[in-house]
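Fit chain B to the supplied structure of chain A, relying on the hints for placement.
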Amino acid sequence: MILTRPSEIRDLLTRVRTVAMVGASSNPLRPSYTVFSYLRTQKPYDVTPINPTLTEIDGIAAYPTLAAYAEQRDAPDVVDVFRKPSEVVGVVNDAIAAEAKAIWFQYGVINDEAIALADQAGLDVVVDRCMKVEHARFRGGLSTSGLNSGLITSRRREA
Amino acid sequence: MQHEHRFGFATRAIHAGTPPDPATGSRAAPIYQTAAYVFGSTEQAAELFALRSYGYIYSRISNPTVAAFEERMASLEGGLGAIAFSSGLAAQLCTILSLAQAGDHLVCAQNVYGGTVTQLSVTVKRMGIDTTFISAERPDAARAAIVANTKFLFVETIGNPSGIVADLRAFAPIAHEAGIPLVVDNTFATPYLCRPIEMGADIVLHSATKFINGHGTAIGGVLIESGKFPWSNGRFPLLDTPSPGYHGKVFTETFGEYAFLMRARAEVSRDVGAAMSPMDAWLMLLGLETLELRMDRHVRNARAVVNFLRNRPEVAWVREPQMGSVFTFGLGGGREAGRRFIDALELWSHLANIGDAKSLVIHPASTTHSQLSDEELRLAGVEPESIRLSVGLEEVDDLLWDLDNGLRSVSP
Numbered sequence: 031m032i033l034t035r036p037s038e039i040r041d042l043l044t045r046v047r048t049v050a051m052v053g054a055s056s057n058p059l060r061p062s063y064t065v066f067s068y069l070r071t072q073k074p075y076d077v078t079p080i081n082p083t084l085t086e087i088d089g090i091a092a093y094p095t096l097a098a099y100a101e102q103r104d105a106p107d108v109v110d111v112f113r114k115p116s117e118v119v120g121v122v123n124d125a126i127a128a129e130a131k132a133i134w135f136q137y138g139v140i141n142d143e144a145i146a147l148a149d150q151a152g153l154d155v156v157v158d159r160c161m162k163v164e165h166a167r168f169r170g171g172l173s174t175s176g177l178n179s180g181l182i183t184s185r186r187r188e189a
Numbered sequence: 004m005q006h007e008h009r010f011g012f013a014t015r016a017i018h019a020g021t022p023p024d025p026a027t028g029s030r031a032a033p034i035y036q037t038a039a040y041v042f043g044s045t046e047q048a049a050e051l052f053a054l055r056s057y058g059y060i061y062s063r064i065s066n067p068t069v070a071a072f073e074e075r076m077a078s079l080e081g082g083l084g085a086i087a088f089s090s091g092l093a094a095q096l097c098t099i100l101s102l103a104q105a106g107d108h109l110v111c112a113q114n115v116y117g118g119t120v121t122q123l124s125v126t127v128k129r130m131g132i133d134t135t136f137i138s139a140e141r142p143d144a145a146r147a148a149i150v151a152n153t154k155f156l157f158v159e160t161i162g163n164p165s166g167i168v169a170d171l172r173a174f175a176p177i178a179h180e181a182g183i184p185l186v187v188d189n190t191f192a193t194p195y196l197c198r199p200i201e202m203g204a205d206i207v208l209h210s211a212t213k214f215i216n217g218h219g220t221a222i223g224g225v226l227i228e229s230g231k232f233p234w235s236n237g238r239f240p241l242l243d244t245p246s247p248g249y250h251g252k253v254f255t256e257t258f259g260e261y262a263f264l265m266r267a268r269a270e271v272s273r274d275v276g277a278a279m280s281p282m283d284a285w286l287m288l289l290g291l292e293t294l295e296l297r298m299d300r301h302v303r304n305a306r307a308v309v310n311f312l313r314n315r316p317e318v319a320w321v322r323e324p325q326m327g328s329v330f331t332f333g334l335g336g337g338r339e340a341g342r343r344f345i346d347a348l349e350l351w352s353h354l355a356n357i358g359d360a361k362s363l364v365i366h367p368a369s370t371t372h373s374q375l376s377d378e379e380l381r382l383a384g385v386e387p388e389s390i391r392l393s394v395g396l397e398e399v400d401d402l403l404w405d406l407d408n409g410l411r412s413v414s415p
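Protein chains in written order, with the numbering used here: chain A, 31 to 189; chain B, 4 to 415.
Hints listed in this document are in silico derivations from the structure and should not be mistaken for laboratory results. Since we're looking at a predicted model, the values are computed, not measured. Be a bit skeptical, because a hint or two may be false.
Here are some of the chain A residues that sit facing chain B, going by a computed Cβ distance under 7 Å [what the hints assert, rightly or not]:
1) LEU59
2) TYR68
3) THR95
4) VAL119
5) ASN123
6) PHE168
7) GLY171
8) SER173
9) THR174
10) THR183
11) ARG186
12) ARG187
Here a beta-carbon is modelled for each residue, glycine too, at the ideal position from N, C-alpha and C.
Same shape as in the complex, but just chain B:
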C-alpha cells in the first residue's frame, strides 16, 4: 500500500502554497500585482461569479500571491483554509461579521490586545453586538458568560502584554458544549510554538505583521478555520439559511466543510474590502520561510534577557514568558523610571509593534493600551509601570549591554 508522506513544519513553511508557477516555472512565488483577471469566456465569467468554479475575478476577493500565503498559513496551523486581510484587526472584524449580527453577543478574554478591547467595546458594540469580558485564567467564567445569542468565545493564546497563557484545552469544550466555536488569536505564539486547532480551537487569527512577517515590513492579518465546526447546528443562520448576498444560496449545503471559509471570503471579505495586497503577501511568504529559525532564536534571546533582568536591583518584577519572546517587567521607580529607562536605550527600538527581528520596547499604559480605563488596564494585566519587551534576533550580548545602560540611568 502506498505510504502517504507527511511533510514537516519547516518544509511546509517553505513550500506550502508555492509550487513552481505553472505559467513560467518561476520558483520564487511571483507577485501578481494586478487588480483584475481576464475571463476565458462569458460563460466562465458567469460560473466564477456564481461561485460554481474556482478562479480569480478581482484582487479584493482573491489574488494568486495572497492565496499562496493563505494556503501556507492554513498548512502551518493545520486548518482547512485561510483568508488574508489588510491587518489583524480587519481579520478579526471579518470573523465577527461572518458569525454575528446586531442583537448577538460575544465572550472575550479581558487580557487581550487593547485594540481588540476597543474594537469590541466601542465599534462592534455600536453595531449592536455586545461583548462580555472574562478572565483568561478562569474557563468556568466563560461557561457562565455564554448566553443563547452568543456566537463565539475569543481568547489570545498568549495575552498581550500580560503573557497569560490561555488553557485552550479547557476553553474548547466549554465553547463546543454551548454550540459555539472557540476563536483564538495566536499572534504571540505563532504556529511553530502552538497550534490551537490541535487543542480544539475552530478559528485561529493572526496579526501577520508580527512574527509571521518577522521583519516589521508590512501590516497584515489572517484567519484560519479548522473545517471541523458543525455550522449547521442551528446557531448560525448566516451560514445555514439562504443568503441574500448570493441569490439564496445556502452555504452549508453547497460547500459542506468549506461553508464558513467560502462565505467569509465571498460575502464578508468581499463587502468589507480589507484585502491583503500582493506585495505584502509576498513579504509574509518570505518571512514564513524562516519562522522556525527565528522563533528558536527569539525564545533563546528572551531567556537570556529574562535572566539578566532578574538579577538587577533596579528591576522590581519580571513576568517571565511561559511561551514566546514578548514579556513585561517593572522598574522599582515606577512610571517615571520607565520613561527614563526607555529614553536611555540606544539599540532597542521604542515603537508600537512586536515580533520584529529588531528588539522593541514600549510602555503599554501610555501607548498600546492607553484607551483602556484604569480598571480595564488592571484586568488586562497591565500595571502602570509595565514595560513590554519584544526580544529580537540581535547578538544577545549587545541587547544586554543596551539594557544595562538603560538600567544604570534609573539606578538610585
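Pulled out of the complex, with its shape left as it was, chain A reads as follows:
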C-alpha cells in the first residue's frame, strides 16, 4: 500500500525497528549520511548501512547487499532507498526477497515501475519523502526549526 496520509506515515515510523539503508554513504556531505546519522541516534531504531563499497559507517557494520543482510538478520522492517531512480527496480526485488515489510524511497527516488512492484508485493511504500524529516515531524524536530509539522494537540508529549 502506498502511504501518503500523515497518520499512515506516523504509524509506519512507530512500527519500525530495523532500518536497512540502501546506498548509505560515509561522506558527511551526502544526504544519506545526514539521514543515517540522525536515525541511528533515535530510539528504538536499529539502522544498518547497505553498501558494497563500505565495511562500516561510524562503527556500524555495513552489508554489501540486502541478501547478505537477510542471511544474517531478521527481515528488515523498512528498506530506506538512496539510489538513482533507474536502479531501484533491482532494489525492490532484493527487498521482496529479503521479506522487508516496507520500502521508503527518499527525495527524488521516483520510479513508477518500482513503486508498483513493491505495492503489488504487499509492502508499505513511501515515495519522495525523507525518513528523517517525517520522523522529526512527529517527534517535534520540525517544530524546533519553525517548520509546519501539521500537528494540533492539547495532549502533553513526553519531554
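Just chain B now, with coordinates in the frame of chain A:
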C-alpha cells in the same frame, strides 16, 4: 480508512505551534528567555552544528518561543515553514540575500511601502543587486522586466498605502514561466483575508508588527515558504551548488523541499543576525489567537468609516479598500487641510504604523513615503494630499465622532 481531520483557521491561529510544553505541561506558550542551550553531549553538539539533527544551539538561530510563532505562521499561510525576524524589513533583506547576490536583479511593484522602495533602490542596490520597478496593475510589465539574472518578482497583496490589490493569480505564472519565485508581502491582508500561497506565491512576507501582533506592542517580521518551488532549476546556485558556509553542503540535495528554509535560517539569518526575540514572539502568538475576530471588526469598522467620509463635503475622494481596513482619502483643501485635520483629532493616533487595535492616521507624503521623489510618490499611488487611515477596533460611533470634529476644523 482513518479520516484525516483538517483543523480550521481559527483553531490553528490558537493552537498551531503550541502543544502543551513537554517539560512542564504549561498550556500557555512559555517564554524561553535564553541566549543558548546546554548540549546533551559533545557528539550531540557536533551533530547540531553540522545540521544533521534538530535542536537549539543559540537564540540568534532558533528559539522555542520564536519557533512556535514561526510554525503558527506557516500553518496559517499554508506554508512548509517560516522564519521570524526582528522586523519586516529584516525578513525582506534576508529573503533577498537568500536568493540574490551582487550582479543579480529583482523585479518589484512600484506601489510598495516606501521603506521597501528605499531598501531596494538604495541599500540593496549598493550591494550590487538592481531592481526594476513595475506597475502592480500590469502583470505583463513584469514579464517584460524579467531578465536572465532576475531572482524573484515581488508585490504587495494590498499596496501601502495605494490600496491597489495585486492579481496574484496573474503574477504567479509569469514568475514561474521565467523560473523565478513570486514573493508577496501579505502584511495588509493577513492570512485571514488572503493566502497568497494558495494563489501561486512561493514566499510570503509580513511585517508582523501590524495585524499579526495587532496591538502595536512589538516590531517583527516573518517569511513563510511554500516548499513547492523547484530550487534546483539551475537559476539558484546559492541553493543547489556546494555552500562554502557549510563545508560544501548542497542544500537542495540534503534537505529536498526544505532547502530554501534551511539555508535561509542556517546561513543567511545566522549571518545577518536579525532574529526575533522570545518576548516579541510571545506577543505575536498572543495576537494571532484573535486574528480572525479582529480582522472581521477591522473590516466592519472600515466600511462604516468609508461610508461616513463619502458623504462629507470636505472630502474630495476616498480610495475604498478592496480588502482590509487601511486606506487613503483626500481633503478638498489639499495638503494644508490635511495637516489641520490631523491636528484636530482627539481619538485617532497620529503615528507611523498600521494594524493596531487603536485607530491610526498619518500623512504619507511627509512621513512614511517622504524619502520618495515626486515621481516615485505618484507611481506609488500617493497624492500630496493623501491621508492614510488604519481603522481600529473602537466603537465605530466614537471613531466617526472624532472624524467629524476633524472635518469640521477644515470646513470652508
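Structure-based check of each hint:
1. This hint holds: LEU59 of chain A has a C-beta 6 Å from the nearest C-beta of chain B, less than the 7 Å allowed.
2. With its C-beta approaching chain B no nearer than about 5 Å, TYR68 of chain A sits inside the 7 Å limit, and its interface hint holds.
3. Interface hint status for THR95 of chain A: violated, as the beta-carbon distance to the closest one in chain B is roughly 25 Å, over 7 Å.
4. At a threshold of 7 Å, the smallest CB-CB gap from VAL119 of chain A to chain B is about 22 Å, leaving the interface hint violated.
5. Contact between ASN123 of chain A and chain B, as hinted, is not supported at the beta carbon level, the nearest pair being about 26 Å apart and thus beyond 7 Å.
6. For the restraint placing PHE168 of chain A at the interface with chain B, the shortest Cβ-Cβ distance is roughly 12 Å, beyond the 7 Å limit, so the hint is violated.
7. Annotation: interface hint on GLY171 of chain A holds; nearest CB of chain B at approximately 3 Å, less than 7 Å.
8. With 7 Å as the threshold, the beta carbon of SER173 of chain A comes within range of chain B, its nearest partner Cβ sitting at about 5 Å, so the hint holds.
9. For THR174 of chain A, the shortest C-beta to C-beta distance to chain B is roughly 5 Å, which falls under 7 Å, so the interface hint holds.
10. For the restraint placing THR183 of chain A at the interface with chain B, the shortest Cβ-Cβ distance is roughly 5 Å, inside the 7 Å limit, so the hint holds.
11. About 4 Å separates the beta-carbon of ARG186 of chain A from the nearest beta-carbon of chain B, less than 7 Å, and the hint is met.
12. The closest approach between the C-beta of ARG187 of chain A and any C-beta of chain B is roughly 5 Å, which is under the 7 Å cut-off, so the hint is satisfied.
Of the numbered hints stated above, those contradicted by the structure are hints 3, 4, 5, 6, listed in ascending order.
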